[in-house]
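K.L.:
Spelled out, the chains give:
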Amino acid sequence: MLLTAALVAWLLYRPVGRPELTVATANNTDMILMQQLSPEFEKQTGVKLNWVVLGENILRQRLTIDISTGSNTFDVITIGSYEAPLWGERGWLVPLDDLGADYGYDDIFKVIRQGLSYQNRMYAAPFYGEGSFTYYRKDLFQRAGLEMPLQPSYEHVRQFARTLHDPEHGVYGICLRGEPGWGQNMAYLSTLVNTFGGRWLDLDWKPQLSSPEWAEAISFYVDLLRNYGPPGAITDGYNENRALFANGNCAMWVDATSAASYLLDPSQSRVATTTGFAKAPIAKVPNGASYVWSWAFAIPTSSKRATVAKQFIKWATSRQYIVTVSKRFGWLRVPSGSRESIYENPAYLKVAPFAPLVRAAIMNSDYTKPSALPVPYVGIQYVGIPEFQAMGTEVGQEISAALAGRATVAQALALAQAEAERDMEGRSRK
Amino acid sequence: MTTTAKPARHLHARSLLAPSVAALLLWMIVPLVMTLWFSAEHYNLLSPGKTAFAGWGNYLDLLTHRALWVAMGNTLILVGLVLAITLIFGTLLSLLLDQDFPGHQVCRLLVIAPFFVMPTVSALIWKNMLMNPVFGLFAWITRSLGFGTIEFFSRMPLLSIVVIVGWEWTPFAVLILLPALQSLNPEQVEAARLDGAGPLALFRHIQLPHLLRPMAVVAMIETIFLLSLFAEIYVTTNGGPGLASTNLAYLIFRDALLGFDVGRASAGGVIAIVLANIVGLFLMRLVGRNLEDLR
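One line per chain: the protein sequences are A and B, in this order. At position 221 of the first sequence the residue is numbered 221 (my numbering), and the sequence of numbers has no breaks. At position 252 of the second sequence the residue is numbered 252 (my numbering), and the sequence of numbers has no breaks.
Don't read these hints as lab results, they were simulated from the structure. Some clues are possibly wrong.
Quick list of in silico lysine to aspartate or glutamate cross-link-like pairs, DMTMM-like style, CA-CA up to 20 Å [stated by the list, open to error]: (1) A:Lys48 / A:Asp265; (2) B:Lys50 / A:Asp107; (3) B:Lys50 / A:Glu421; (4) A:Lys284 / A:Glu216; (5) B:Lys50 / A:Glu155; (6) A:Lys284 / A:Glu155; (7) A:Lys314 / A:Glu20; (8) B:Lys50 / A:Glu425; (9) A:Lys138 / A:Glu216; (10) A:Lys327 / A:Glu344; (11) A:Lys110 / A:Glu421; (12) A:Lys314 / A:Asp66.
Computed from a prediction, not measured in an experiment: that's the story for all the values here.
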């Protein structure tokens, strides 16, 4: 009797073809929180989510192969502002212009939205965004009688680093990315070259690595980091530097704004109360001195569940989602840098003293004019062409050789120029 | 009767073998042919619709480029040095562990343990806990002795990787050499001792000749794995600084998964196959001759 009742109940209420979505995402903090909150979305919509969570680099490789070979593995993918316009241009992504009037397109930072668009159609919805700026240790500066200007120059940075460099006590004047890779050392170095007045390519798409601007910028970097940086900087990427700064080993660090909330969290950082913020340093020109980036969700055209996938993207990138995170985890941990409204929210501004600077860093960057010289490409810390991944990685390796002292800057840049020319050859081939 | 049955039985046996042979052949041939095919094409995953026949283009591109030769040299240095380290230390450790001392069984177990740690994990431990110039154990030791720090991965990237890989593979050599040593006839050793052979003479004339064959096995197996060494490089140096620690496997990875250039990467793969066969042939000859000499 009971068994029959149970059977009838199961027949009546069993999930009939419950839709499923396969979501590929990175294992960054904000995405992990999203995964923890996703049962809420599943409850609201009855959709079942399957997660594929990978490290940034592996994710990028996996998704590129997946989408370029047209295999139909994922319904929602996590990509950056480098991929979105390129893949949109190739027709690999579903346009995301129709998420509804209540989605609040106007609330998204204009530069972030444009960065994810191709010919004014948005192909990926931003989850969080970031710029770059300077972190410094207020206590060390105060003790040495120094003051960090709101807009430091690289000459300031060099002097501060020299004064504060104290390796005996485990404090290094400056930490910067040294690990080779287009998303590692070259992301930072592109901004440095930009502000020294240089560019990656001229209007004929010819690599400019042998130009005097590159020589000056890279010499400055090698000199600064070798003299006042931590030992072994060539293996330090974003994560390693964040750990060094959080442990109190760096007096200054120029990197992504998204590390700020981590560094202010006393459970993860020893410098939670002593970290100060300033704009990204400028050398000669302000163009492209700080970068802008966003992580965003997109739908491959091969997905058969685009409508449900759009529902998910709308949920995860909405204003309402930010409120949900703040209720569960506090305002310091909300995804930031994509929507302007949180920068007017007093609750957020109270816990995030760096917020106005982040906002300024994002709003002041113009990724269509990365250099003072004219360029044929878009992108500040990258070049928005498919050849850039190979070119950036190879150039990054050569520069790390100069940083390690295994080659002079001139030698490294000559080799880098040859590598870059070889990579750009493919572009001219019909 | 018997004369006619024999070929028929052969045929029968062959037809039974055929499916598995065919499956194995497909398993091997299909990827190989695809690699050969792609290696003759200009094919970048990020520029679809731009594929074109390249002929020898990709090979010429690679062979005229510095990176390939550097990578090939690094591959051979890596294999050679790691083989030397593992064989020397493997033999010494085996001789030591062959002795009867209290706790020798626990000791044997501990010596073999590194082999069972995943390559990425051991590389991470070496990179962040031992060789790191700020947090690492080695840096702490040299600093407390007043010598300053050594930047392992900038100063000697290839050597650092050799040390890590050598540490991983020495247990493997012990795993093969220790049982071989134990299989040595104790009466023979005793007889040599009675004839007045010291430990060195014993090693030179009895133990070493006995170990040559298992050593050859160790060398062969390790070469196969070390030619395609990747995880340790990926985790520690990313092939850098410059090309100082880029081997063939890492170069192919760089072309295929960082540049998405399928054509160039496939050509690199084919060159790697050729290199592996040359090294393999050379090693076989060498090993074969050694064993011949023994007889």
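K.L.:
Enumerate the violated hints, using their earlier numbering and listing them in ascending order.
P.N.:
Hint check: 1, 2, 5, 9, 11 and 12 fail, others pass.
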